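Asker: Residue strings, one per chain:
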Amino acid sequence: MAEAIYRKPVAFAVLATVVVLVGTVATMVYPMVRADMHPRVDGLKPLTALELAGRDVYQREGCMGCHTQTVRPLPSEVERYGGSRAQEKGARYSIAGEFAFDHPFLWGSKRTGPDLAFEGWLKPASWHAPHLASPQAVEPRSNMPRYAFLSERGIDGAEMQAHMRALRTVGVPYSDEEIAAAPAALQGKTEMDGLVAYLASLGKAVDRGAAAAVGEARLDLKNPKAGDALAVSRGQALFAENCAVCHGADARGTPDVAPSLVDDVFLGVKGDMPDGAYLAFIKGGSDEKKALGRPGMEAGGMPPFAGQLKDDDIWSIIAFLRQAPRP
Amino acid sequence: MSDYRYDHRTVQGFILSAIFWGVVGILVGLLISVQLWQPAANFPPWLTYGRLRPVHTNGLAFGLGVGAIFGLSYWIVMRLCKRPLLFPRLARVQLWLFNLGIAAAAVSLLAGYTQSNEYAELEWPLDIAIVVLWVMFAVNVFGTIIKRREEQMYVSLWYVMATVVAVAVLYLVNNLSIPAGPLKSYHLFAGVNSANVQWWYGHNAVGFVFTTPILAMFYYFLPKSTGLPIYSHRLSIVAFWSLIFAYLWTGAHHLVYTPLPDWLQTLAIVFTIFLIAPSWGSVVNGYYTVGQDWSKMRSSYLTKFFVLGITFYGLQTVQGPTQALRVVSQLIHFTDWVPGHVHMGTMGWVALTVCASVYYVIPRIYGTEIYSERIANAHFWLVLVGQLLFSLTMWITGVRQGWMWKATDAEGKLVYRNFTDTLAGNYPFWQVRTLAGVIFAVGMLFFVYNVLMTIRKGRAFEAEAAPAPVAASAA
Chain A
1 MAEAIYRKPV AFAVLATVVV LVGTVATMVY PMVRADMHPR VDGLKPLTAL
51 ELAGRDVYQR EGCMGCHTQT VRPLPSEVER YGGSRAQEKG ARYSIAGEFA
101 FDHPFLWGSK RTGPDLAFEG WLKPASWHAP HLASPQAVEP RSNMPRYAFL
151 SERGIDGAEM QAHMRALRTV GVPYSDEEIA AAPAALQGKT EMDGLVAYLA
201 SLGKAVDRGA AAAVGEARLD LKNPKAGDAL AVSRGQALFA ENCAVCHGAD
251 ARGTPDVAPS LVDDVFLGVK GDMPDGAYLA FIKGGSDEKK ALGRPGMEAG
301 GMPPFAGQLK DDDIWSIIAF LRQAPRP
Chain B
1 MSDYRYDHRT VQGFILSAIF WGVVGILVGL LISVQLWQPA ANFPPWLTYG
51 RLRPVHTNGL AFGLGVGAIF GLSYWIVMRL CKRPLLFPRL ARVQLWLFNL
101 GIAAAAVSLL AGYTQSNEYA ELEWPLDIAI VVLWVMFAVN VFGTIIKRRE
151 EQMYVSLWYV MATVVAVAVL YLVNNLSIPA GPLKSYHLFA GVNSANVQWW
201 YGHNAVGFVF TTPILAMFYY FLPKSTGLPI YSHRLSIVAF WSLIFAYLWT
251 GAHHLVYTPL PDWLQTLAIV FTIFLIAPSW GSVVNGYYTV GQDWSKMRSS
301 YLTKFFVLGI TFYGLQTVQG PTQALRVVSQ LIHFTDWVPG HVHMGTMGWV
351 ALTVCASVYY VIPRIYGTEI YSERIANAHF WLVLVGQLLF SLTMWITGVR
401 QGWMWKATDA EGKLVYRNFT DTLAGNYPFW QVRTLAGVIF AVGMLFFVYN
451 VLMTIRKGRA FEAEAAPAPV AASAA
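As given, the protein sequences belong to chains A and B, one line each in that order.
Just so you know, we're using the numbering used here here: the first sequence kicks off at 1 and counts up by one.
Just so you know, we're using the numbering used here here: the second sequence kicks off at 1 and counts up by one.
Simulated from the structure, these hints should not be mistaken for laboratory data.
Only a predicted model underlies this, so the values are computations on that prediction, with no experimental measurement involved.
Ideal Cβ placement from N, Cα and C applies to all residues, glycine included.
Certain hints may be false.
Computed far set for chain B versus chain A, every beta-carbon distance over 12 Å [said to hold, decoys possible]: (1) N42; (2) P45; (3) C81; (4) P88; (5) V167; (6) K184; (7) V256; (8) L382.
In silico SDA-like pairs for lysine to any residue, Cα to Cα no more than 25 Å straight-line [what the hints assert, rightly or not]: (9) A/K310 with B/L97; (10) B/K184 with A/E177; (11) A/K189 with B/P182; (12) B/K184 with A/A2; (13) A/K110 with B/K224; (14) A/K45 with A/A185; (15) B/K224 with B/R79; (16) A/K45 with A/D287; (17) A/K310 with A/A229; (18) B/K184 with B/K224; (19) B/K184 with B/R234; (20) A/K110 with B/R79; (21) A/K110 with B/V399; (22) B/K147 with B/H233; (23) A/K222 with A/S260; (24) B/K406 with B/G425; (25) A/K222 with A/D263; (26) B/K413 with A/A324; (27) A/K110 with B/A378; (28) A/K110 with B/V132; (29) B/K82 with B/Y231; (30) B/K184 with A/K8; (31) B/K184 with B/L97; (32) A/K110 with B/P182; (33) A/K204 with A/E177; (34) B/K406 with A/E177; (35) A/K110 with B/V415; (36) A/K204 with A/P224; (37) A/K8 with B/R234; (38) A/K290 with A/R146; (39) A/K45 with A/E159; (40) B/K147 with A/A2.
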């Protein structure tokens, strides 16, 4: 009789356990044995020792309390986080296969600060370090705590080797050589270096960057928008949206982050670049700089914008910069 | 009087411990609420928002919540089984271990030792301690129930037993991780699978810490404090089984629009909608119980705590399923709406029900009356106003910011391209939230004062109450 169960605690407990296990098996255990829970994008690489050290810092400081790491397939979100419109669909938002080595996932649940899933494409390392040290110095209205103390803390190579070994036991494919090389790679690095390297790695498993091949700049191209007043004002607005965060609202640069675009020593040489080089550089980012034979910062710097800006938009920005007031 | 003595000191010990950790958790909550609009209130490295938030959530979920669950479940189990705990000394050891564990948990979180999964932040050595604690609890609960002196098991015992088994399953699976050092580990699961396991746990931690044991209290203390029997036994049965069945399917509604497979998201959404029914089974049962005599709202001061508590439970369990819908999720997910939702459940349903249960229990330990009904009434109105102001403010700013994130012009360009533009508008709302938190905290201090003064008053009677010898295993 059904009523008897309310007089038999052991039978009751067994039945209650079975009842809670039904949903558990259906939604937690069963998915685990399905392939769609274990995808991996082609060419996914484990984090380097330095990036992993940075991820450990990210966990320790509770960054996921305020930052999510998953760009949802919503048009406004793809737009905000620079999911490439030029790329295949999967590059526009976060996809499962990018996270195959994430133990645990760090998607977070609250977006007090912006999403960081594509951060590697959005901001250069040279922006992150000063911002982490003093967020309000870079973004005055920010509510983020200061993490300057990370620059004073070293990374223990032996400890990171233990972390890499632990991750290898749960399936992250670190080779013996990579683990052996970790202490040397971490020599003299700070936790700040690690965190910046980790942020720069985010979203990079999928190509969300330049559609144009780096190194194929056509230096003979002329700006079709040159002198076009409408394009200049549009370029000014686009500059404020996309470029001012690093290069400053007046394009005169931010110390240690990004150079001035309106002086005559841009790219480390006297004089200016031809229009075609400008276009290629904005589309391809720092890698293009090296292809153009110009020295760049070691950690990169300029992210590629080909995925976010159409050629006409970039020409408008160039048109704006060409006639922006010189210091 | 009975011929045996209940383990009142253990019950009171857990209640006072829960209150202590509750005060700590609320104060940390106030501090992090200020940090959100005033970054200078962060003191790196130990006292930053990132490290303090888990102290707030763990302190209140495990310190206040689980502490109160231990104490009040023991009270309920003893009364409904008509016997003392089977292992009274084990319960005392559990009390001390509990406090040591929560203290160690707080320090370890401040020091930055975390597994990063929400409500499962504690690192692996502490996880082991928590498993030991839970086994102690389970042994005493089941031991006492098996050796009970009342044949029929009342509804509250069902909920306590379901809590014991479900939390054990949830906690053990989600905390499976591979140690990488004395206080560092990595989740056994990776990527989307890790996310799915975590939110299967995370959602059901809410279900089996903030719902089932609180319902156990509700079903026991509401009839006790009003003298009104539960309206429908059959409804209790249907609501119980359907609740514990449906809850476990719903975790993935926390992952709507993430890379988690769509079919899992949809399945979770469907079961989440279904969950309204068993939740409201208890709501209806509660209302009809008091409906037998609404004058209890005036004549018995605890009735309004329970009625408002179950009201917020009812609102919570409609709002939650609404949020799971994709069309709603895409607007409010990741915004302040969600903390607004959570705090209606915790500051409304959980806090009101737990406080009322404590008000019921503490005077009865000493055979006395509550120190002051007036203070209890002031406490009630303060926490009610504080909680409503908190949640309403968060819902408004959540929708406001969600809308700003989405706003695009005719060309598909974002209207608020700069994220900080959408953030800075939160600050005035967050200042109001801090004010709401202060009002709530003052209300809770009234509660603490009232409880302590009741104990003080009760101790005067203690000498007179000659304890009968313990009859540990009388048939």
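Asker: Hint by hint, which ones does this structure get wrong, listed from lowest number up?
Answerer: 1, 2, 3, 5, 6, 7, 9, 12, 13, 18, 19, 20, 27, 28, 30, 32, 34, 36 and 38
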